Amino acid sequence: MPNDPMAEIKASFFIECDELLESLQDALTEIEEGAHDGETINIVFRAVHSIKGGAGAFGLEALVAFAHRYETVMDEVRSGRLEVSAEAVKLFFQAADLLADEVHAARDSQPEPEGAEACLKALEALLGADRLAEAETDDAPPDFQPMGLSLDLAADFDIGQTPPDAHVLHFKPHADLYASGNEPLYLLRALADLGPLETEVDFSAIPPLDAIDPEAAYLSWTLRLDRTLDEAAIRDVFDFVEDVCDLEFGSRENPLDSFGDVTSLLQFDASTSGNDENAPASFGAPLAAPPPEPTPAPGPPSPPSRAGEANEPDRAGMSPMTPPTPATGTPAADPGATVRVDLERIDRLVNLVGELVINQAMLAQSVTEAGLPPNSPVMTGLEAFMMLTRDIQDSVMMIRAQPVKPLFQRMARIVRESSSAIGKEVKLRTEGEATEVDKTVIERLADPLTHMIRNAVDHGLETTETRVAAGKPREGVITLCAQHRSGRVVIEVTDDGGGINRKKVFAKAVEKGLVPADSHLSDSEIDNLLFLPGFSTADQVSALSGRGVGMDVVKSSIQALGGRIAITSEPGKGTCFSISLPLTLAVLDGMVVNVANETLVVPLSSILETATLTREDIRVLGPETHVIHLRGAFVPLYDLGAELGYRAPKSNYEGGIVLLTAQENGERSALVVDAILEQRQVVIKGLQQSYGHIPGVAAATILGDGQIALILDPADLVDNASGRTGSRDLTLAG
Amino acid sequence: MTEPTNTQTNSNEVELLSFRLGDEEYSVDIMSVREIRGWTRATPLPHAPAYVRGVINLRGTVLPVVDLSVRLGMRPVAGDARNVIVVVQIGTQTAGLLVDAVSDILALPRSALQPPPDLAADTAQRCISALTIVEGRMIRVLDLTAVLPQDDAEAA
Amino acid sequence: MSLKVLAVDDSRTIRDMLRLTLADAGIELYLAEDGVHGLEVLGGIDPDAIISDINMPRLDGFGFIEAVRGQDRHRATPILVLTTESAPELKARARAAGATGWIVKPFDPVKLVKALNMVAG
Numbered sequence: 001m002p003n004d005p006m007a008e009i010k011a012s013f014f015i016e017c018d019e020l021l022e023s024l025q026d027a028l029t030e031i032e033e034g035a036h037d038g039e040t041i042n043i044v045f046r047a048v049h050s051i052k053g054g055a056g057a058f059g060l061e062a063l064v065a066f067a068h069r070y071e072t073v074m075d076e077v078r079s080g081r082l083e084v085s086a087e088a089v090k091l092f093f094q095a096a097d098l099l100a101d102e103v104h105a106a107r108d109s110q111p112e113p114e115g116a117e118a119c120l121k122a123l124e125a126l127l128g129a130d131r132l133a134e135a136e137t138d139d140a141p142p143d144f145q146p147m148g149l150s151l152d153l154a155a156d157f158d159i160g161q162t163p164p165d166a167h168v169l170h171f172k173p174h175a176d177l178y179a180s181g182n183e184p185l186y187l188l189r190a191l192a193d194l195g196p197l198e199t200e201v202d203f204s205a206i207p208p209l210d211a212i213d214p215e216a217a218y219l220s221w222t223l224r225l226d227r228t229l230d231e232a233a234i235r236d237v238f239d240f241v242e243d244v245c246d247l248e249f250g251s252r253e254n255p256l257d258s259f260g261d262v263t264s265l266l267q268f269d270a271s272t273s274g275n276d277e278n279a280p281a282s283f284g285a286p287l288a289a290p291p292p293e294p295t296p297a298p299g300p301p302s303p304p305s306r307a308g309e310a311n312e313p314d315r316a317g318m319s320p321m322t323p324p325t326p327a328t329g330t331p332a333a334d335p336g337a338t339v340r341v342d343l344e345r346i347d348r349l350v351n352l353v354g355e356l357v358i359n360q361a362m363l364a365q366s367v368t369e370a371g372l373p374p375n376s377p378v379m380t381g382l383e384a385f386m387m388l389t390r391d392i393q394d395s396v397m398m399i400r401a402q403p404v405k406p407l408f409q410r411m412a413r414i415v416r417e418s419s420s421a422i423g424k425e426v427k428l429r430t431e432g433e434a435t436e437v438d439k440t441v442i443e444r445l446a447d448p449l450t451h452m453i454r455n456a457v458d459h460g461l462e463t464t465e466t467r468v469a470a471g472k473p474r475e476g477v478i479t480l481c482a483q484h485r486s487g488r489v490v491i492e493v494t495d496d497g498g499g500i501n502r503k504k505v506f507a508k509a510v511e512k513g514l515v516p517a518d519s520h521l522s523d524s525e526i527d528n529l530l531f532l533p534g535f536s537t538a539d540q541v542s543a544l545s546g547r548g549v550g551m552d553v554v555k556s557s558i559q560a561l562g563g564r565i566a567i568t569s570e571p572g573k574g575t576c577f578s579i580s581l582p583l584t585l586a587v588l589d590g591m592v593v594n595v596a597n598e599t600l601v602v603p604l605s606s607i608l609e610t611a612t613l614t615r616e617d618i619r620v621l622g623p624e625t626h627v628i629h630l631r632g633a634f635v636p637l638y639d640l641g642a643e644l645g646y647r648a649p650k651s652n653y654e655g656g657i658v659l660l661t662a663q664e665n666g667e668r669s670a671l672v673v674d675a676i677l678e679q680r681q682v683v684i685k686g687l688q689q690s691y692g693h694i695p696g697v698a699a700a701t702i703l704g705d706g707q708i709a710l711i712l713d714p715a716d717l718v719d720n721a722s723g724r725t726g727s728r729d730l731t732l733a734g
Numbered sequence: 001m002t003e004p005t006n007t008q009t010n011s012n013e014v015e016l017l018s019f020r021l022g023d024e025e026y027s028v029d030i031m032s033v034r035e036i037r038g039w040t041r042a043t044p045l046p047h048a049p050a051y052v053r054g055v056i057n058l059r060g061t062v063l064p065v066v067d068l069s070v071r072l073g074m075r076p077v078a079g080d081a082r083n084v085i086v087v088v089q090i091g092t093q094t095a096g097l098l099v100d101a102v103s104d105i106l107a108l109p110r111s112a113l114q115p116p117p118d119l120a121a122d123t124a125q126r127c128i129s130a131l132t133i134v135e136g137r138m139i140r141v142l143d144l145t146a147v148l149p150q151d152d153a154e155a156a
Numbered sequence: 001m002s003l004k005v006l007a008v009d010d011s012r013t014i015r016d017m018l019r020l021t022l023a024d025a026g027i028e029l030y031l032a033e034d035g036v037h038g039l040e041v042l043g044g045i046d047p048d049a050i051i052s053d054i055n056m057p058r059l060d061g062f063g064f065i066e067a068v069r070g071q072d073r074h075r076a077t078p079i080l081v082l083t084t085e086s087a088p089e090l091k092a093r094a095r096a097a098g099a100t101g102w103i104v105k106p107f108d109p110v111k112l113v114k115a116l117n118m119v120a121g
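Residue numbers (full-length UniProt numbering), protein chains in the order written: chain W, 1 to 734; chain P, 1 to 156; chain A, 1 to 121.
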């Protein structure tokens with residue numbers, strides 16, 4: 001048993017809330033797309049309803065209050081009394097967003113989000129004042145008290161009346177009382193629990209044996225309770241049955257003997273309570289025959305029975321006790337059961353598996369060094385071991401993988417909020433929501449993606465007027481797409497706006513002093529100016545995408561995740577930002593290379609091919625720069641040893657080994673290495689935290705010999721490269 | 001900059017780990033020392049300052065190693081089997097200090113520590129928080145926050 | 001003898017709370033996520049009482065109760081409706097479907113156990 005089960009349940013409640021919010025979003029999206037069927041609306045209702053229910057249990061009053069008012073409106077929709085207009089759907093979305101905020105505010109003990117009241121008011125305005133009042137009265141009053149009274153008092157009783165000397169009750173069950181699974185014995189026992197109870201049973205209504213209807217109710221009771229007892233408490237006992245019995249509170253003025261013959265007087269006290277199995281029989285005991293059967297006694301007029309339909313005789317079959325039979329079932333596990341695990345535990349597992357991979361590499365190295373023949377049992381065993389390790393690693397990584405859907409839903413909200421803030425009509429399309437990515441990647445993607453989405457709404461899409469003038473649909477479309485592509489996940493943010501205004505961008509870059517005015521840049525180079533630090537500054541700041549954060553920040557946060565960002569744009573058609581990310585931040589497949597006696601790892605995903613340079617491949621570009629001529633294209637040559645400061649550029653690269661790498665934007669580069677050692681999976685060890693960012697280096701890893709090797713970031717390296725491949729003095733480090 | 005980080009709270013005693021750099025003796029508060037490791041080759045980091053020797057594998061984590069001698073404006077530590085790496089922690093930052101050799105653990109009354117004279121010309125000056133004399137030898141007490149550059153940034 | 005109770009609710013939180021509450025009271029609890037699931041679970045056990053939510057996917061509480069009452073052996077099994085609504089017509093509908101009583105969410109553990117004991121003995 002956990003230490004604080006309530007805290008556990010509460011934590012689990014908030015997780016459930018997130019799931020409910022997700023299905024709420026889904027359903028609203030379907031409704032927005034025209035699904036007005038009952039079940040879809042019901043899903044919305046139920047999601048809000050369940051959140052309210054759970055919130056009530058934890059006394060989260062603000063959340064309950066919000067959910068209740070939202071639910072009230074949705075209930076009107078559900079019952080068909082409220083039309084689902086486009087305007088209404090917008091408000092439903094807004095309310096859903098705020099509900100999410102309310103949930104998170106409750107979870108994090110933060111103040112309530114702003115705008116909740118305004119949103120609810122707008123939502124309720126849909127109903128109109130009269131309807132709201134109506135909806136409120138025939139629905140639950142928002143009287144949620146944390147862990148409050150569970151058995152609701154029959155409020156229409158005047159509890160304030162003077163208690164008589166003794167509480168005297170006449171209680172006459174209807175057949176429906178039995179039909180609904182209630183049992184007079186238990187009611188009496190509950191009364192006896194309140195205090196000393198005297199009961200008299202009236203058998204007078206029992207017809208002759210042959211006339212007995214086994215499902216009818218013939219008995220009635222007269223009950224006396226101590227007058228000091230609270231009448232409300234007594235009423236409480238009858239809460240479940242008030243509509244299926246005649247219950248009359250009497251007093252001295254309303255003497256007992258007005259009720260038929262008293263043929264039996266049973267004394268009840270708490271001591272009889274435990275006796276359940278054969279208890280019903282004890283009622284029947286004074287009779288030789290099966291229990292009784294009257295026509296409903298005249299008595300006081302029975303309350304209008306709302307349960308009238310349930311009154312069919314075939315329903316009522318009540319020998320109230322079927323002896324319990326032993327259960328054959330097993331406690332039901334929740335279907336599709338999941339286990340909640342602390343992220344910490346998973347991380348520990350991930351780390352341990354990382355250690356396992358490293359240790360296995362060390363072992364492999366020792367085995368190789370021992371000079372064992374390739375077919376020896378040790379080698380075969382080791383290979384099997386390596387495959388297992390790989391499988392374990394993949395499985396562990398899968399635990400951390402999560403679909404991008406929640407992230408995309410957050411973006412949907414950003415689109416809604418930002419488009420309405422600047423009065424553009426924008427629709428978000430999402431594709432590949434089920435694509436799974438490491439949890440940490442998802443978490444750290446939220447900020448850059450938010451910024452990109454805002455940018456797309458603000459700058460990417462034209463104003464509605466411009467769109468209309470250009471013959472485009474009024475509504476701009478932003479597409480958010482995720483997919484797996486060769487071991488990475490690619491997320492694209494595409495708008496169907498006007499494309500990048502390259503003239504303007506170039507002019508601005510010149511103005512900011514980022515590029516010389518006379519430089520000749522390709523379209524792609526101009527587009528990439530957007531990522532330069534200092535490009536997006538004050539005069540680009542709008543209410544929306546402002547905040548002084550430029551695309552350079554987006555780029556660096558993507559890079560910090562081991563990702564790349566690329567941009568493509570077509571005038572008049574739109575712009576696409578493409579982010580490519582590793583599936584996990586824990587391992588990568590790399591090519592282990594040697595450069596100036598240092599061991600480096602180059603991510604396999606960035607390598608197109610490897611080649612040995614011939615004299616014909618190498619062309620001199622400038623005094624200190626070379627390109628290689630590869631299948632008709634010129635590719636710049638970078639000497640890793642020189643770029644990383646390990647040594648001076650070589651004088652001749654003939655016979656050198658190059659890794660041909662490609663960036664997201666398709667630009668290729670050739671990296672000179674001294675030797676290729678092997679390809680293998682390595683465990684990523686961050687450098688950022690322990691040291692800081694190193695240009696051209698993504699992270700580090702631990703090799704089989706226990707040494708640390710740096711993991712190269714080829715694109716970053718190229719971005720920061722000098723490109724010198726001619727001899728000249730360089731400061732040597734290390 | 002000169003904030004004393006080597007303080008032991010609730011105590012008038014201070015324990016110092018002293019070590020040798022060339023012919024000089026330095027020390028750090030033992031409370032910030034995590035462990036002492038034998039010399040191991042560090043993987044050099046591109047574009048790093050000269051005093052950053054590189055990174056080593058400390059039981060699965062990547063530990064930056066600072067050549068303390070270079071940091072204090074002296075000749076690099078040779079980097080052989082006699083040298084040791086003193087693993088220190090300041091705040092959340094862990095780093096290795098490469099020194100020639102560890103000499104001693106000293107327990108001194110706090111009052112034995114004197115502020116260093118103000119000699120602005122000395123490049124190592126700002127890394128030293130106090131001086132003391134033990135058995136006729138002058139021992140410099142290092143201010144680790146000044147020694148480890150990242151901490152300046154982190155403290156901001 | 002401990003009571004055997006089947007509880008049907010689509011909210012995991014409420015199920016967790018029921019589990020906690022009823023386990024503490026020594027009640028043997030079986031759980032189901034919705035009406036359809038509830039009927040499946042009911043097929044394998046013979047509970048002393050049933051607790052059911054109203055708003056549930058696939059088969060709601062009203063439908064579930066009617067289906068339970070439709071089974072001969074459960075014609076008299078006490079069924080408590082767990083609802084956030086205390087509106088009279090909801091009670092009436094629950095009663096019409098054959099509910100024995102109702103518990104308003106959020107429920108008070110003590111009262112829930114008391115109510116269970118009252119309807120199931």
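Hints are computed from structural coordinates only; laboratory data are not their basis. Source: prediction; values computed, not measured. Please note that the accuracy of each hint is not assured.
[Unchecked claim] Which bits of chain W does chain A cover? Going by a derived footprint, with three or more residues having C-beta under 8 Å, they are:
hint: 1; region: 7-15
hint: 2; region: 174-182
hint: 3; region: 234-240
hint: 4; region: 353-364
[Said to hold, decoys possible] Calculated Cβ distances over 12 Å to all of chain A for the following chain W residues:
hint: 5; residue: 59
hint: 6; residue: 189
hint: 7; residue: 384
hint: 8; residue: 395
hint: 9; residue: 556
hint: 10; residue: 608
hint: 11; residue: 667
hint: 12; residue: 668
[To be verified] Once the Cα atoms are required to be at most 27 Å apart in a straight line, the calculated DSSO-like pairs of lysine-lysine come out as:
hint: 13; chain 1: A; residue 1: 111; chain 2: W; residue 2: 10
hint: 14; chain 1: W; residue 1: 427; chain 2: W; residue 2: 650
hint: 15; chain 1: W; residue 1: 504; chain 2: W; residue 2: 472
hint: 16; chain 1: A; residue 1: 4; chain 2: W; residue 2: 10
hint: 17; chain 1: W; residue 1: 405; chain 2: W; residue 2: 427
hint: 18; chain 1: A; residue 1: 4; chain 2: A; residue 2: 111
hint: 19; chain 1: W; residue 1: 405; chain 2: W; residue 2: 504
hint: 20; chain 1: W; residue 1: 121; chain 2: W; residue 2: 427
hint: 21; chain 1: W; residue 1: 427; chain 2: A; residue 2: 4
Ideal placement from N, C-alpha and C gives every residue a C-beta, glycine not left out.
To see whether the hints hold, each was checked on the structure:
1. A count of 4 residues in the region 7-15 of chain W with a Cβ less than 8 Å from any Cβ of chain A is obtained; the coverage claim is therefore met, three being the minimum.
2. Proximity of the region 174-182 of chain W to chain A, defined as three or more residues with a beta carbon under 8 Å from a beta carbon of that chain, is established by the 6 residues found.
3. By the rule of at least three residues with a Cβ nearer than 8 Å to a Cβ of chain A, the coverage given for the region 234-240 of chain W holds, with 3 such residues.
4. Coverage of the region 353-364 of chain W by chain A is violated [criterion: at least 3 residues with CB-CB distance below 8 Å; count 0].
5. Distance to chain A contradicts residue 59 (chain W) as a non-interface residue, since its nearest Cβ pair spans about 8 Å, not more than 12 Å.
6. Its beta-carbon lying about 8 Å from the closest one in chain A, residue 189 (chain W) breaks the requirement of being farther than 12 Å from that chain.
7. The beta carbon of residue 384 (chain W) sits about 41 Å from the closest Cβ of chain A, which is more than 12 Å, so the claim that it is off the interface holds.
8. At roughly 25 Å from the closest C-beta of chain A, the C-beta of residue 395 (chain W) stays outside 12 Å, upholding its exclusion from the interface.
9. A cut-off of 12 Å between C-beta atoms confirms that residue 556 (chain W) is not in contact with chain A; the least separation is 40 Å.
10. A cut-off of 12 Å between C-beta atoms confirms that residue 608 (chain W) is not in contact with chain A; the least separation is 48 Å.
11. No Cβ of chain A approaches the Cβ of residue 667 (chain W) within 12 Å, the least distance being about 50 Å, so the stated non-interface status holds.
12. Residue placement check: residue 668 (chain W) keeps its beta carbon more than 12 Å from all beta carbons of chain A (closest about 52 Å).
13. In summary, the hint linking residue 111 (chain A) to residue 10 (chain W) is supported, as the alpha carbons are separated by about 21 Å, within the 27 Å threshold.
14. For the hint pairing residue 427 (chain W) with residue 650 (chain W), the CA-to-CA distance comes to about 55 Å; that exceeds 27 Å, so the pair is violated.
15. About 22 Å separates the Cα atoms of residue 504 (chain W) and residue 472 (chain W), which keeps this hinted pair within 27 Å; it holds.
16. The hinted pair formed by residue 4 (chain A) and residue 10 (chain W) meets the criterion: a straight-line CA distance of about 26 Å does not exceed 27 Å.
17. Restraint check for residue 405 (chain W) and residue 427 (chain W): satisfied, since their Cα atoms lie roughly 17 Å apart, inside the 27 Å limit.
18. Simply put, residue 4 (chain A) and residue 111 (chain A) have alpha-carbon atoms about 17 Å apart, close enough for the 27 Å limit, and the pair holds.
19. Under the criterion of a C-alpha separation no larger than 27 Å, the hint pairing residue 405 (chain W) with residue 504 (chain W) is inconsistent with the structure, at around 36 Å.
20. The hinted pair formed by residue 121 (chain W) and residue 427 (chain W) meets the criterion: a straight-line CA distance of about 25 Å does not exceed 27 Å.
21. Restraint check for residue 427 (chain W) and residue 4 (chain A): not satisfied, since their Cα atoms lie roughly 52 Å apart, outside the 27 Å limit.
Hint violations for this structure: numbers 4, 5, 6, 14, 19, 21, all remaining hints satisfied.
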